[in-house]
Every structure is written in structure tokens, then in C-alpha cells.
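S.K.: Mind docking these for me? Both chains are given alone in their own frames, and the hints should help you get the complex.
Residues per chain, in single letters:
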Amino acid sequence: MSQHAVRPTPASPTPPDGHLLEVRDLHVEFRTGEGVAKVINGVSYHLDPGETLAVLGESGSGKSVTAQAIMGILDTPPAHISSGEIRYSGQDLLSLAEEQRRQIRGRDIAMIFQDALSALNPVFPVGWQIGETLRQRLGMSRADARRRSVELMDLVQIPGAASRLGDYPHQFSGGMRQRVMIAMALAMEPKVLIADEPTTALDVTVQAQIMDLLADLRRDLNMAMILITHDLGVVADVADRIAVMYAGRIVEHADVRSLYRAPAHPYTKGLLNSIPRLDQRGGKLSTIRGLPPNLMRIPSGCPFHPRCPYVQQVCVDVVPHDLILGDGRTSACHFAQEVRDDRAG
Amino acid sequence: MFRFIVRRLLQMVLAFFGTTLIVYALMFAGQGDPIQALAGERPVTAAQRAYLTEKYHLDATGIGGFFYRYFDYISNLLRGDLGESLTGRSIGDILAAAWPVTIRLALIAIAVAVIFGVTAGVLAGIRRASIFDNATLLLTLLVLGIPTIVLAPLAQYFLGVKWQVFPPTAGADPDFFALLLPGIVLGSLSLATALRLTRTSVAENLRADYVRTARSKGLPNRRVVSVHVLRNSLIPVITFLGVEVGNLMSGAIITEGVFNIPGVGFNLFRGIRTEDGPLVVGIVSVLVVVYLVSNLVVDVLYAVLDPRIRYE
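Sequences listed follow chains A and B, in order.
All letters in the first sequence, in the order written, are residues 3 to 347 by the numbering used here.
All letters in the second sequence, in the order written, are residues 81 to 392 by the numbering used here.
Chain B extracted, bound-state conformation (with noise of 0.2 Å):
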């Protein structure tokens, strides 16, 4: 396990070079002028120029430059120092007022989905082809169904607007009710997929030959379904889960845009947007290092849970 680990980390440094200079290439080399980017419509002096020329290393021109500057970007991201987006705001300061934000936007979602998703595909797995199993699956197909950039302005729109159950935008430094509703409909999807993922594992394992074991020793039904049953049908779920909780944190573009909530989704949206090269450089770095930590910490999970997975 401690070699796979090693393993993997080393293979994190490859991805993260990887995946930022694409990203940086992406934002910048094709950028015409980024002096009179970062200046927008107003006129820029020589003077203002030649210092900035200066400052951004911009003198340096062609592939040579370009790759001058991002070890220079890199070198400084080592440091712990993202820089500053176009609007002069410390691109750390933005993050670490935006992850808090969208932590517990995605834990909320996670939370609606462990609790109505995995209970909801146990019953579901249990009570095969019975109503509450088609209810469960025609439901789970709407929602699969229905993108988050139209599910999320519906809910928006009714539960917010017009029958005003809850508010309609979070604003800035939301409480716990205000992101209700958007983690609900962020977790609608994990949820959809958590409880189709529990129902077919359930059922699975409920033929399985150690279900029949279980039963030979003369265990309750109950305790036969709860321990032995559930310890296995869950691996998958907790693995999906885990992969989510990633792909939560690292923000949820539409659903933060939607309801206005300021978010690391939102804050990258709005870079993208304006064309705020560094911001968006910078929070897709981070992000980078957040999905690979939480992917390998999914692996050595899926190990602890099933005895049978061993890397070596």
C-alpha cells in the first residue's frame, strides 16, 4: 500500500505539470496583447508599458518566452503564491473566501444524497420490481434526464420566486438555508445516481452465495440484509460518493452561477468570462491538486473496504 501510495504521488506531480501548462497555454498563448487585456479600453503609457513589459517578463517572446513564464508562474504557485487576478485581488484571498463557501454547498449536496439516495436504492434493492422500485427508478431517469442548467433556474423559479419556500439567491456569505436549495439540486444528480448505483448492488448481493450461507446459520432477515448484505452492496456506493465529494468540491459552475453563490465554480466562471487569465490559472491549478488528492484517497479507500483489493 505505502509503495502504491508513492506511486501514485509521483504520478500526481506528472499530472499536475501537465494539466497547468495546458491550462496556461490555453489562457495566455494565444493571447494578443496582454497588456492592453489586463489595461481593458483604457489607453496604456510607454512608461506603463515598458514597466509592466517588465514586471510579466513579456519581453521574452516566442516558445522560449512562453516557457520562461510559466516556471516563473510555477516556481511562484510552488511558493504558495497564485499572484493576482487582472483585477489586482490576491487570487489566495479569492480562493480562501470561496472554498468555504462551496464546501459546504458540496457537503450539503452529499449529505441529500447519502440520505435519500443510498436509503432509497437499499429499499428499492430489497423490494425488487415492487411500486416503490419503479417509483424510485422512473424518478431517478427524470432527474438524469433533466440538466442542471434547467432543473436549476425550475427550482429556482418555483420554490424560490414563486412560492418562496426558500430564497431565491444565496448573496454573498450565504448561511446553511440559503444553500439548501442549490445543494439539493446539486445533489440531485449524486442522488439519482447513488440510489440506481445501491438498488443494483443490493440486488446483486442479495443472490449472492454468502447471502444463502448467512441465512443457513439461522441469522434474522434483518441482520442478514443490514451486516452482511449492506457491508458489501456499499463499496461501490462509497467509492461513487468519494469520487463525487472531488468533483463537488472543486465547485459547481452552473448551480453556483444560477443561484449566486460565491463560490470557487462561480469565481472561475467569472474568469473565464472576463478573460482574467491569472484567476482562472490559478483556481484551475488548485482544483487540479484537490481532484488528484481526493481521487487517491478514493483508491486507498476502496482497498480499506474491500479486503480483496490490494495495490502492489
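Here chain A stands alone, though its shape is the one from the complex (with noise of 0.2 Å):
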């Protein structure tokens, strides 16, 4: 294993009053025939050097749409950034010409997806795919591009690189096939990195395989990490901080270990009442009742409303802003103490 295959990163580029990423009231909006959804309504959060974002929220919420504005490769039409900025290393890349935003893709935000078998290319060799980024961003030769490519299987830890590098992707396993994912992101050291559900379509082993991983490269490269996912076990060893979303909106943000131990918000608390647990055995698996909103048809005040334990009149009338709880922790709910102090729910 060449540990030091990849360099650390240099002395953080971030400004000293600001984050690395920040993402400043994002709004987004689809624009379709059948009308306009509002996929992401002032989503806002930040990355520091080093750390680890979990952004978790349902399939719908908007936290695969927050990370693709972030790299810029939003499918526009239909998706339209109507507002908002998001600032790395204190410069608003939406006011970047695509040419310079393309610079940043890859070099210095990295992005993994979520089925690395479709996000791969099905007709080149994984080694062409890693080597593509290394020729054509950084004009390496091809017999260069070749070994580093084997340098980065190998810091994936894919056994036998220097003989998978002719492999395509279906070749791999699914675990094997989210490592090449991983190189190929790897490939520039990027100081972000955003795994968008890296682990959904593996075997729960392997899961906990890359996300170990993913951890470890975090550590060693000392790059920022943003993790997307819908599954709150994942989250609880990797991440330091924790976005909550629904509907298109951070309804929660804190520490891990607080909100684990506290949420503030009644949906992050229905998320954790589902998760199942051994010493409650036997019993009806605890469930968040009715769907998430129609993006088209939001509901109105707090959007969560229609669904939550909690509400009360002026749930539906008035949208709750951001209320601070101290330690950073923030919740978009108009009871946000009472239900942070409430143990029972």
C-alpha cells in the first residue's frame, strides 16, 4: 500500500474569516411542462478544512441537488439556480464563466455518485477512465497516467491493480467498482469531496467496508467531506456535523453527538424512532406517517407540518426560520426546544 501515493493537500486556501464551501441561501428551482418545482428553497450550510458534512435527508429532499449545483453540473433546463451563492474559498462560483467553473470540477471539488455502475463509462477500461482526468487536466503521458492510475487503485485498496487496469466495469463488484469510483475522484486531490450516497446499492458489509474507506482517505488527504445520505447509521461514525433536509430545506443542524442524542426537529426525531432497534424487539417498527410534499404543491408555514406530532396552528401558517440553539445547532421548527427537551417522542 503506497500511503503516500497521493500528497496531503497544501496549507488550507481558505480565507481566514470565511469556510472553505459555503453554500448561501441556494435556491433551485425545476422548470418542467407540467409547471415549476421548487426542489431547494435557502438551503444553506458550510465545509470547513478537514471535516465531515452529513447532509441526510429522503430520497426527494434536495441533497443530491444541493451537491450537483455545488459542482455545476445541474442538468440545466430544466433545473434553474434562481438564487443564492455558494462561496469556495471566499469566490461565488456562480458568478464564474463555465470555463473557470470547470477548472474547480474535479481539481478542487470531487464528486462520487451513487451507483457506480452506471456512473461509470460501460465501454472503457476503469484504467483509461482514472487515466483520463490525469491526461487531459494534467497533460500527463500515457505511461505516467497508467502508473498513477495504479497508484490510486492501490490507495483504494483494490487488490491487483497493475492487472485491473484493462477490467471494465462490469467486471468489478459493486464494492470494487465504488473504489474505482473513488480513485477516479482521488485523482486530482481534490479538497472536497462530496460522496453522494456512496454506499446505497452495496451489500451492508461492503458498506461499511467504503465507508471506512472514505474515512481513512478523508484523514490521510486531509481533504473536507460533504456525505449524502438517507441512512442515519452511516452517518453517526464518519461525520462531525449533521444537515438535516426536507423539502428542499435544512430543517436541522448540529453536532452529531447532540443531535443523536437530542434532536430539535420532529422529523429528525421520527428519523431516528424509525431506525429499528434490538432492545425494542417484537414491536411495530415506528414510522414517519403520510409522503414527503409534491415539490410543486409545498405545503404552506412549515412544510412539515402535515406530517408532524407536534403541530399546532401556527405550524401552518407561518414558515419557521432558522432558530439558534446554541453550539451551532440550529432548527427550522417553531418548538424547536420543546422538542429538543421532550425525551419521550
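For the record, the hints were derived by calculation from the structure and aren't laboratory data.
C-beta atoms are modelled at their ideal positions from N, C-alpha and C, and glycine is treated no differently.
Among these hints, one or two may not hold up.
Said to hold, decoys possible - Beta-carbon label-pair distances, calculated as ranges:
hint : chain 1 : residue 1 : chain 2 : residue 2 : range
1    : B       : A215      : A       : S85       : 33 to 43 Å
2    : A       : G37       : B       : T249      : 58 to 68 Å
3    : A       : R149      : B       : R388      : 20 to 30 Å
4    : A       : L119      : B       : I195      : 47 to 57 Å
5    : B       : V373      : A       : Q173      : 28 to 38 Å
6    : B       : I195      : A       : R149      : 37 to 47 Å
7    : A       : Q102      : B       : R388      : 53 to 63 Å
8    : A       : Q173      : B       : H137      : 56 to 66 Å
9    : A       : S165      : B       : R207      : 16 to 26 Å
10   : A       : L98       : B       : P180      : 54 to 64 Å
11   : B       : A215      : A       : D205      : 48 to 58 Å
What the hints assert, rightly or not - Now the stretches of chain A that chain B is said to cover, found in silico as 3 or more residues with beta-carbon under 8 Å:
hint : segment
12   : 119-128
13   : 135-148
14   : 236-244
M.R.: Laid out in C-alpha cells, this is it:
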């Protein structure tokens, strides 16, 4: 294993007063023939060097769309960023020309996707696909790119890397394929790695291996990581902070420990309660009643109110703002403190 | 792959015997008096009749006689002897003269389909729902809707006779220019199909997950499309064109007929019209082989283009 195959990133490019990456009040709409779906409604989060932020939420909550907006790979149309800022090292990415944004993609911010089988090109060998970034972006020679690809595949612990360069994605197992994906994302030594549900398509045992690998790589290469997931179990060991998303908003934002100990938003509480527990065998699994809202007709007031056990009239009428709970915690709930202190629910 | 090819070759043997038997039966089984057919309107003397009966093994009658003659024919065929047509010419010689013309015509048609069809298909696929896309869609619909039997005479009349841009007919031993108009007419159908196939394939692949991955690597759009999308999109198009080459090699009866091109289709048509049994069976037998081989080549090519395909 070549520990130093990838050089540690140089001193953090973060300006002293700001964050490495910051999303500010982002709004994204999908304009389709049937109408406008408000997919992201004022999302803000930040990422500091070397930390892991978990973005948690159901399908359709907008976690992947936010990530794609950061990468600048949203399908436009139908997606339109209607307002907001995405600052990387103090620079607003949304104000950059496409060519400048392209330079940042892969080099500064890289992304790995959920299903590596469809995310890798089926007709090119994996070595070629990893090396493509190196040849095209860094101008490496074929031989150098090849050598470096083997190093990267070693780094993500693909056994017999050199002999597998010429293999195609379909010849790898699910876990190995995701490792190829990770190796590809690491090719340009990014400072931010966005992992969009990296383990969803994998077996449980393999999931743990991939999560461990990502955590190790993040530490060894001194990257910051945004981990997008709907799996609360995955988050606990790896993340420093958690942002919970619902209907295109961040509903709760907290460090991992306090969020698990005392969730301050009914939605987070519902998510935590719906994890099956060994000490409550035989009972019915707890679920959150109802379905996520249709993003073309988001409910008035708090978008979670039709499903919320704490619902009051104010929730139907007034959109809750982020309530600051101290220690950097926020919750977009009118009754955040009550929810946090209510241990029974 | 080797086993696949061997298996396919064995299947081809079966297909070959099956098709030749059917064509042979269709041409000869229902025939009244083959000797009179050979002679046409002229009277046949007893001595001639005896000689021809002997020569063509016509003394054996019924099913047994039919199969006897069929296997006699096949064994000659396998030795490379296609026999003689009713006009007394060697069928081998006829094909040797006709084939180069048909191949040239087929190549022009395929070139037209590739150059215009695939290029326009790629552009239409990238700019889906644009004016260009809708225009090509309409045009291809028009081309696909007009049968060759209408399109060929129309093209001949306007471009050949009225405006005299191209020679109206090819005639014996045609050069490239004389084959250009028939080639375009013949290729227009392949062009339209190739265009639509390419368009759909490109549009579909542009939405694929691996395209998003390629973009997130920071590759320029140009490269994402020309390398990642095209390589995948062209797999079905190349397969289609491969089959199409096989089809075109077997001659285009209508186009060759309208433009008077002495190719394979032209000779086959003449054989059918004059009830020249040996000529029809001879040409069809060879066409069957050409068709089977070209299909095998396409299947192998498919596996080469798409690494996920494995024949075992």
C-alpha cells in the first residue's frame, strides 16, 4: 500500500474569516412542462477544511441537487438556480464563467456517485477512465497516467491493481466498482470530496468497508467531505456535523453527538425513531406518517406540518425560521426547544 | 467467442441448405415442362429432348427425382459451379460482372448514410427539440414514408431528365458519377433510419449517469460528447449499418431496375421475369451466404464494440 501515493493537500486555501465551502440561501427550481418544482428553498450550509458534513434526508429532499449545484453539473434545463451563493475559498462559484467552473470541478471539488455501475462509462477500461482525468487535466503522458492510476487504485485498496487496469466496470464487484469511482475522484487531489450516497447500492458488509475507506482517505489526504445519505447508521461514525434536509430546506443542523442525543426537529426525531432497535424487539417499527410533499405544491407554513406530531395552528400559517439553539445548532421548528427537551417522543 | 463463431457457422450450414432447398423447390417443383421452358416457343425434337432429359436428370420423377436433382445441383454448387442460365451464360460469370457494380453502389449508399445520417443524427440528438432537430425529424419521416419505387423514378425524372444534374441511367459498366444518384436514392432510406437511431441514442446517452461523472471530472463539454457519449451512442448505429451493408450487397432490385444498373439485383429481377430457374437459384444461393456471413460479422462486431456483450 503506497501511503504517500497522494500528497497531502497543501496549506488550506480558506481565507481566515470564511469557510472552505459555503452554500448561502440557495434556491433551485425545476421548470418543466407541468409546472415549477421548487426543489431547493433557501439551503445554507458550510464546510471547513478537514471536516465531514453529513447531509441527511429522504429521496427528493434536495440533498443531491444541492451537491450538483455545488459541482455545477445540474441539468439545465430543467434545473435553474434562481438565487443564492456558493462560495469556495471565498469566491462565488455561481458568478464564474463556465470555463473557470470547469477548472474547479475535479481539481478542487470532486464527487462520487451512488451507483458506480451506471456512473462509470461501460465501454472504457477503468484504468483509462481514471487516467483520463490525469491526461486531460494535468497533461500527463499515457505511461505516467497509467502508473498514477495504479497508485490510485492501490490507495483505494483494489487488490492486484496493475492487472485490473484493463478491466471494464462490469467486471468488478459492486464494492470494487465504488473504489474505482473513489480513485477517479481522488485523481486530482481535491480539497472537497462530495460523496452522494456512496454505499446505497452496496451490500451491508461492503457498505462498512467503503465508509471506513472514505473516512481513512479523508483523514490521510486532509480533505473535507460532504457525505450525502439517507442512512442514519452510516452517519454516526463518520460525520462531524449533520444537516437534515426536508422539502428543499435544512430543517436541523447540529453536531453529531447532540443531534443523536436530543434531536430538535420533529422530522429528525422521526427519522431517529424509525431506526429498528435491538432492545425493542417484537414491537411495531415506528414510522413517520404521510409522504414527503409534492415539490410543486409545498404545504403552507412549515412544510413538515402535515406529518408532524407536534403540529399547532402556527405551523400551518407561519414558515419557521432557523432557531439558534447554541453550540452552532439550529432547528427550523417553531417548537424546537420543546422538541429537543421532550425525551419521550 | 470462438465457440460462438463455430456454433454460428454450423447454424449457417443448416440455413444455407434450408433456403436453397426452398428456392429450388419454388423455381422447379411447379414447373410444367422444363425442357419446353428452356426452348421457349421453338419446337423440341425427340433427340434434343432425350439429350436434355439425360443432361438434367429429368428421367427421375416425383419427390425422389426432385431431391436427386437438388443434391446434384448442390454438389456442383459446393464445387463452385453455379451452372448455366437458360440463356447459356455461366452464372458464375454473370455474378462476377454484376457484383463489383452492386458493391460500388452499396458503398456509395452507406457512405451517404454515414456522412449525412450519423452527423445530422448526432447534432439532432445534442440539440433535442431545436429547429434543426424538428426539421430533420420531418424530413426523415418524409423519406421513410416514400417507397423507393416512387422516390427512384422521381429522382431520375427531376435530377436526371429534367435538370440533367446526373446521368438518368447508368448503363453497362457504370462509373462512380453514374452511380452517384442511384446511390443517394438507395442510401436515403438507410440515411433516415441511421439518423433517427443516432438521434435517439445520443439523446438517451446524454442523460446517462456516466455523462454526469465525466462532467464532474472537469472535462470540457466537447470531450464529454465526442468521446464518452459518441462511443456509446454509436454501438446500435454501427450494428444497424453493418446489417444494412449486408442487405445492400445483395443488390437493390428496384433502384438497379429503375436506373438500369447491371448489378446483382438487376440480374435477379431479370431471372425472375424470364423464369430463368438456374439463374435465380444460383444468385439466391450466393446471396444467402453473403447475408449469413455479414450477419455473423455484425454480431462479432457488436461484441467488440460493447465489452459487456459476451457470446458463450
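S.K.: So, for every hint listed, does it hold in this structure?
M.R.: Evaluated hints:
1. Separation of B:A215 from A:S85 is about 37 Å and conforms to the stated range, judged on CB atoms against 33 to 43 Å.
2. For the hinted restraint 58 to 68 Å between A:G37 and B:T249, the CB-CB distance of approximately 60 Å keeps it satisfied.
3. As the Cβ distance of A:R149 to B:R388 is approximately 28 Å, the hint placing it in 20 to 30 Å holds.
4. For A:L119 paired with B:I195, a C-beta distance near 35 Å fails the hint of 47 to 57 Å.
5. The supplied range of 28 to 38 Å is met by B:V373 and A:Q173, whose beta-carbon atoms lie about 31 Å from each other.
6. The hinted window of 37 to 47 Å between B:I195 and A:R149 holds, with their beta carbons roughly 40 Å apart.
7. The given range of 53 to 63 Å is broken by A:Q102 and B:R388, whose C-beta atoms sit roughly 37 Å from each other.
8. Distance hint check for A:Q173 and B:H137: the Cβ-Cβ separation is about 58 Å, which falls inside the suggested range of 56 to 66 Å.
9. Separated by about 43 Å at the C-beta atoms, A:S165 and B:R207 break the suggested range of 16 to 26 Å.
10. In this structure the supplied range 54 to 64 Å holds for A:L98 paired with B:P180, their Cβ-Cβ distance being about 60 Å.
11. The hinted range of 48 to 58 Å is satisfied by B:A215 and A:D205, whose Cβ atoms lie roughly 50 Å apart.
12. Residues of the segment 119-128 of chain A with a Cβ under 8 Å from some Cβ of chain B number 7, which satisfies the need for three, so the listed coverage holds.
13. Restraint check on the segment 135-148 of chain A versus chain B: 3 residues with Cβ-Cβ distances below 8 Å, three needed, restraint holds.
14. Counting residues of the segment 236-244 of chain A whose beta carbon lies closer than 8 Å to any beta carbon of chain B gives 0, which falls below the threshold of three, so the coverage claim is violated.
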